[in-house]
Amino acid sequence: MASKKKEVLLKIADLKIEGYSDETWVPIIKGVDLTLHRGEVMGLIGESGAGKSTIGAAAMGYARDGTRIVEGSKIEFDGMELTTASESEKRALRGSRIAYVAQSAAASFNPAHKIIDQHTEAPLHYRIQKRMEAQEDAMDLYERLRLPNPKEIGFRYPHQVSGGQLQRAMTAMAMSCRPDLIIFDEPTTALDVTTQIEVLAAIRDIVDQFNTAALYITHDLAVVAQMADTIKVLLKGNEVEEASTEEMLNNPKEDYTKSLWAVRSFESPQRHRPKDATPLISVKNVDAAYTGGPKILDDVSFDIYEGMTVAVVGESGSGKSTTARVITGLLPPSKGEVLFRGDPFPPDYRSRTKDQLRQCQMIYQMADTALNPKVKISEIIGRPAQFYSGLKGADLKNRVDEILDLIELDPSKFYNRYPSELSGGQKQRIGIARALAAEPTFIVCDEVTSALDQLVAEGILRLLDRLQNELNLAYMFITHDLATVRSIADEVIVMQQGRVVEQGPKDDMFTPPHHPYTDLLLSSVPEMDPNWLTTLLEERGVDNVGDAAAAKIDPNDPKVQGTNA
Amino acid sequence: MSLFVIGYYTLLLAVSCLAAYFNKKTVFLLAFSLTLVSFVLGIVGGPGALRAVAICAGLLLLTGMVSYAFREFLIQMAESNIGLSFTNNPPVLYGCIIIPIVLIVLSRLLEWPITEFALAALILVIILIGMNSETAKELRTAPMTAAFGMFVIFTYAIAGIFAPYIAPHGEAAVISSAFAPADESMLLGADQLGRDMFSRIVYGARNSVGLALTATVAAFVLGAGAGLLAATKGGWFDQLMGRIADVIMSIPSLIFALLMLSIFGPSTFVIICAVAIIYAPRVFRLTRAVAGNVVVMDYIEAAKLRGEGTGYLIRREILPNSTAPLIAEFGLEFCFVFLLVAGLSFLGLGIQPPTADWGSMVRENATLISFGDITPLIPAAAIALLTVAVNFVVDWMLFRSSGLKEQ
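If you read the sequences in order, they're chains A and B. Position one of the first sequence corresponds to residue 0 (numbering that gives the first Met the number 0), numbered consecutively onward. Position one of the second sequence corresponds to residue 0 (numbering that gives the first Met the number 0), numbered consecutively onward.
Worth double-checking, as some hints may not be accurate.
[Claimed, not checked] Restricting the straight-line Cα-Cα distance to at most 25 Å, the calculated cross-link-like pairs of lysine-lysine (BS3-like) are:
hint: 1; chain 1: B; residue 1: Lys136; chain 2: A; residue 2: Lys375
hint: 2; chain 1: A; residue 1: Lys294; chain 2: A; residue 2: Lys274
hint: 3; chain 1: A; residue 1: Lys375; chain 2: A; residue 2: Lys353
hint: 4; chain 1: A; residue 1: Lys373; chain 2: B; residue 2: Lys23
hint: 5; chain 1: A; residue 1: Lys391; chain 2: A; residue 2: Lys235
hint: 6; chain 1: B; residue 1: Lys136; chain 2: A; residue 2: Lys412
hint: 7; chain 1: A; residue 1: Lys283; chain 2: A; residue 2: Lys252
hint: 8; chain 1: A; residue 1: Lys257; chain 2: A; residue 2: Lys283
hint: 9; chain 1: A; residue 1: Lys412; chain 2: A; residue 2: Lys391
hint: 10; chain 1: A; residue 1: Lys257; chain 2: A; residue 2: Lys274
hint: 11; chain 1: A; residue 1: Lys373; chain 2: B; residue 2: Lys136
hint: 12; chain 1: A; residue 1: Lys235; chain 2: A; residue 2: Lys10
hint: 13; chain 1: A; residue 1: Lys129; chain 2: A; residue 2: Lys113
hint: 14; chain 1: A; residue 1: Lys129; chain 2: A; residue 2: Lys89
hint: 15; chain 1: A; residue 1: Lys353; chain 2: B; residue 2: Lys136
[Stated by the list, open to error] Residues of chain B clear of chain A, computed beta-carbon distances all greater than 10 Å:
hint: 16; residue: Gly209
hint: 17; residue: Met296
hint: 18; residue: Leu304
hint: 19; residue: Gly306
Note that these hints are calculated values from the structure, not bench results. We treat Cβ as the ideally placed atom computed from N, Cα and C, and that holds for glycine.
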């Protein structure tokens with residue numbers, strides 16, 4: 000990392016922020032101090048609800064709707080006190096001297112304007128550059144951020160470029176006025192691992208080149224290890240500890256930090272296929288397409304055996320979720336079939352019998368949209384039990400209590416509550432409970448942990464593993480997170496562009512030689528080593544990451560041919 | 000200079016100074032600009048103009064106080080959690096709902112004079128069921144306008160239900176000469192046939208509001224039912240319903256209503272049917288749009304994969320998530336329906352004489368306008384007040400359902 004001048008740029012002292020809920024002001028941030036020097040990158044990590052983003056916004060002197068900065072807090076940016084500054088003074092800072100990069104670039108760009116017009120908005124507004132100068136500068140930044148066709152890409156609309164490119168374009172936009180401070184709010188959380196690397200590399204380079212200070216907010220420790228000089232750990236609005244990246248990784252002091260570090264330790268023992276058994280679910284040569292669209296799945300075949308976990312990995316758009324929709328019957332395949340215990344499963348869920356439907360349940364990624372907000376927990380879980388088993392009255396209540404016990408939630412507390420009163424992890428548990436209530440043999444888990452914090456996610460994984468052992472369930476585990484695969488899978492299926500490129504037992508899959516695409520996925524997962532990104536970039540070359548790397552896989556490679564046959 | 004004028008300015012100036020001292024900007028600006036305006040008014044119009052201003056302000060204050068007190072009353076009721084004693088006791092709940100309904104039916108058949116009380120009891124029970132701490136929380140967010148609206152609706156409901164007990168004279172009883180001025184037995188004077196205006200307004204609340212309410216409910220049952228089905232089923236059913244709605248909406252509503260009424264004759268049933276058909280497509284479109292956002296949720300997919308039928312999907316999964324905008328729309332449509340029915344009555348094709356109805360009352364007394372009398376404006380004002388009140392409440396509900404609860 001570049002040498003730093005030891006001049007203080009941002010100094011936050013005793014920051015307290017309150018949020019308005021249930022007609023009272025409750026504290027969100029309970030007195031956080033923060034000092035950021037020029038050119039320094041500080042990583043803010045913590046679970047959701049720890050107040051990371053709130054602090055990020057406060058660094059711009061901004062309190063979100065329904066929150067307020069408590070008097071007595073000090074936010075000093077380059078000698079200017081932001082808590083007492085007028086709104087117009089603060090507005091003059093934003094965009095020109097402090098910039099913000101949001102989690103979802105797709106939601107932050109205005110879809111109706113070209114990227115470059117949005118890029119030049121700030122320099123034109125602050126009269127820093129003329130339009131043509133600003134455009135040339137934008138192209139220069141695009142080139143530095145290694146966007147393809149830097150001269151031309153800015154004249155596209157946001158929907159015409161990929162997610163990773165858009166995130167880099169947003170970083171370029173934040174750079175347009177050469178700010179002193181950039182706040183990155185989870186800039187790579189929504190991206191695939193392969194795309195994440197190119198964005199991380201680009202952000203790190205550009206922050207180095209312009210000696211910009213940055214607050215890097217994330218919940219992914221491995222990512223923050225690559226980016227930050229110092230790391231601050233937050234828990235429920237309180238600071239847990241702060242130290243340089245090296246020290247934090249090697250020698251964390253607080254128990255909470257240690258527990259964060261230890262998260263990736265969970266691993267279920269590898270199970271093996273029973274000999275001479277019929278597979279529970281067998282997907283045979285399935286092609287599928289949405290009405291009028293191109294083919295999404297191309298000759299997909301795999302087996303899932305009773306009591307085993309099959310992880311399906313791949314980038315977004317590789318057809319993982321579509322495969323799940325084919326198995327559940329939401330999308331009848333255009334060719335091929337799905338067998339259940341050797342007998343064909345009707346392709347459309349509407350023509351399946353009640354018993355066939357109960358066998359195959361689903362757990363969704365977003366518990367928020369998967370649970371009806373107007374229905375009580377007792378009914379969410381009770382309905383499948385009532386529907387399939389015809390339980391009523393006291394029997395039904397006992398069954399719901401039993402299931403709540405099974406997912407480690409206290410029945411008396413949760414029986415009469417609504418989903419909105421639950422935390423993210425609890426909601427996901429209710430989603431699991433709903434699937435269990437049907438007494439299935441097979442559950443599709445669609446990215447069940449990707450919306451959760453690591454500690455909570457690990458709890459869910461342990462729960463799923465325990466339930467599998469107790470109830471002999473088979474899981475199809477869709478994920479793009481290879482750490483999750485490593486901890487829970489028995490077999491792994493790698494998908495790319497609607498095809499299965501490699502499949503086999505987990506132990507084999509994580510030992511070389513790999514299919515080049517598997518190799519790419521595996522090597523793209525950030526590791527806790529702060530030099531990981533540097534090493535990786537040296538190995539691969541800076542231009543060979545992300546989309547470029549996936550495109551480089553030679554379809555005539557003998558290994559590719561071998562796994563497809 | 001009279002004592003009143005001195006008191007008037009003293010009060011205004013005192014309020015302005017106090018507001019300025021306690022740093023209440025809006026109050027100060029309001030009070031002091033009123034003072035300045037009053038100087039001009041006092042010079043131009045004399046004490047009379049000032050007196051008018053004072054009366055207006057007093058009325059406004061009175062309205063505000065009534066609204067505030069009414070809202071606090073509702074909050075107190077809700078906080079007592081009286082609704083829970085119903086919802087936690089299903090037998091009591093069903094008993095309290097079914098007994099009044101049975102009484103209403105019996106009293107209609109056997110001509111017992113208790114229909115009004117049974118109906119009032121039924122409405123009271125329904126309101127009480129909703130009274131819990133959740134409601135109290137919602138009520139606290141109600142602005143003064145919404146409280147005023149609720150108070151007006153409450154008053155109209157009482158007037159409508161207990162009309163025979165409140166009205167001093169019969170609905171069609173001729174008791175004096177045509178257009179007789181107001182006296183102690185006739186609060187608002189007499190109409191063109193010498194019937195008591197006040198009694199007819201009270202009965203009108205029952206007829207006009209009752210008809211509009213029934214027609215709106217019918218429109219909602221038709222429109223919302225079709226909309227929910229269309230959103231759930233999709234495909235050709237959705238297309239068919241959409242095209243039918245398009246066809247109905249392409250016919251000018253008033254002309255359609257006039258056509259129906261001239262073909263089938265102006266009976267209450269035909270009015271309700273015509274109005275329901277006219278307004279159902281709007282409800283259909285809104286419901287379909289709202290439900291369309293709900294059916295794409297994962298919990299609907301989960302329910303479908305469970306094998307649930309359309310009935311369960313609509314009743315338990317979609318409807319609870321679409322009620323807020325539908326209730327708001329109900330209030331809005333009610334106003335439109337009310338105005339349409341009043342318009343039909345004004346044209347002579349609505350509720351037929353001698354039944355009292357606000358729309359036809361405006362028409363019957365319209366000749367008086369040229370003599371500078373406000374009698375025909377009173378039923379018109381009754382219509383306007385109800386429309387405004389309902390809209391106040393609807394505005395509040397729209398605000399809540401749009402998710403802008405806290406600013």
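Now for the hints, and whether the structure bears them out:
Distance hint between lysine 136 of chain B and lysine 375 of chain A is fulfilled; the C-alpha atoms sit about 20 Å from each other, no more than 25 Å. Our distance criterion of 25 Å between C-alpha atoms is broken by lysine 294 of chain A and lysine 274 of chain A, whose separation comes to about 35 Å. For the proposed pair lysine 375 of chain A and lysine 353 of chain A, the alpha carbon gap of about 24 Å is at most 25 Å, so the pair holds. Distance restraint check for lysine 373 of chain A and lysine 23 of chain B: the Cα-Cα separation of roughly 42 Å exceeds the 25 Å cut-off, and the hinted pair is therefore not satisfied.
Simply put, lysine 391 of chain A and lysine 235 of chain A have alpha-carbon atoms about 42 Å apart, too far for the 25 Å limit, and the pair is violated. Distance hint between lysine 136 of chain B and lysine 412 of chain A is fulfilled; the C-alpha atoms sit about 22 Å from each other, no more than 25 Å. A hinted pair counts as satisfied when its Cα atoms are at most 25 Å apart, and lysine 283 of chain A with lysine 252 of chain A does not qualify at roughly 53 Å. For the given pair, lysine 257 of chain A sits about 46 Å from lysine 283 of chain A by alpha-carbon distance, which is inconsistent with the 25 Å threshold.
The hinted pair formed by lysine 412 of chain A and lysine 391 of chain A meets the criterion: a straight-line CA distance of about 21 Å does not exceed 25 Å. Distance check on the hinted pair: lysine 257 of chain A and lysine 274 of chain A sit about 42 Å apart at the alpha-carbon level, beyond 25 Å; violated. With a C-alpha separation of about 17 Å, the suggested pairing of lysine 373 of chain A with lysine 136 of chain B holds against the 25 Å cut-off. Our distance criterion of 25 Å between C-alpha atoms is met by lysine 235 of chain A and lysine 10 of chain A, whose separation comes to about 21 Å.
Restraint check for lysine 129 of chain A and lysine 113 of chain A: satisfied, since their Cα atoms lie roughly 18 Å apart, inside the 25 Å limit. The straight-line distance between the Cα atoms of lysine 129 of chain A and lysine 89 of chain A is roughly 23 Å, inside the 25 Å bound, and the hint therefore holds. For the given pair, lysine 353 of chain A sits about 42 Å from lysine 136 of chain B by alpha-carbon distance, which is inconsistent with the 25 Å threshold. Every Cβ of chain A is farther than 10 Å from the Cβ of glycine 209 of chain B; the closest lies at roughly 31 Å, confirming the non-interface assignment.
Chain A draws methionine 296 of chain B into its interface by the beta-carbon criterion, the shortest separation being 5 Å against a cut-off of 10 Å. The Cβ of leucine 304 of chain B does not lie farther than 10 Å from every Cβ of chain A; its closest approach is about 6 Å, which violates its non-interface assignment. Not every beta carbon of chain A lies more than 10 Å from that of glycine 306 of chain B, the smallest distance being close to 5 Å; the non-interface claim is violated.
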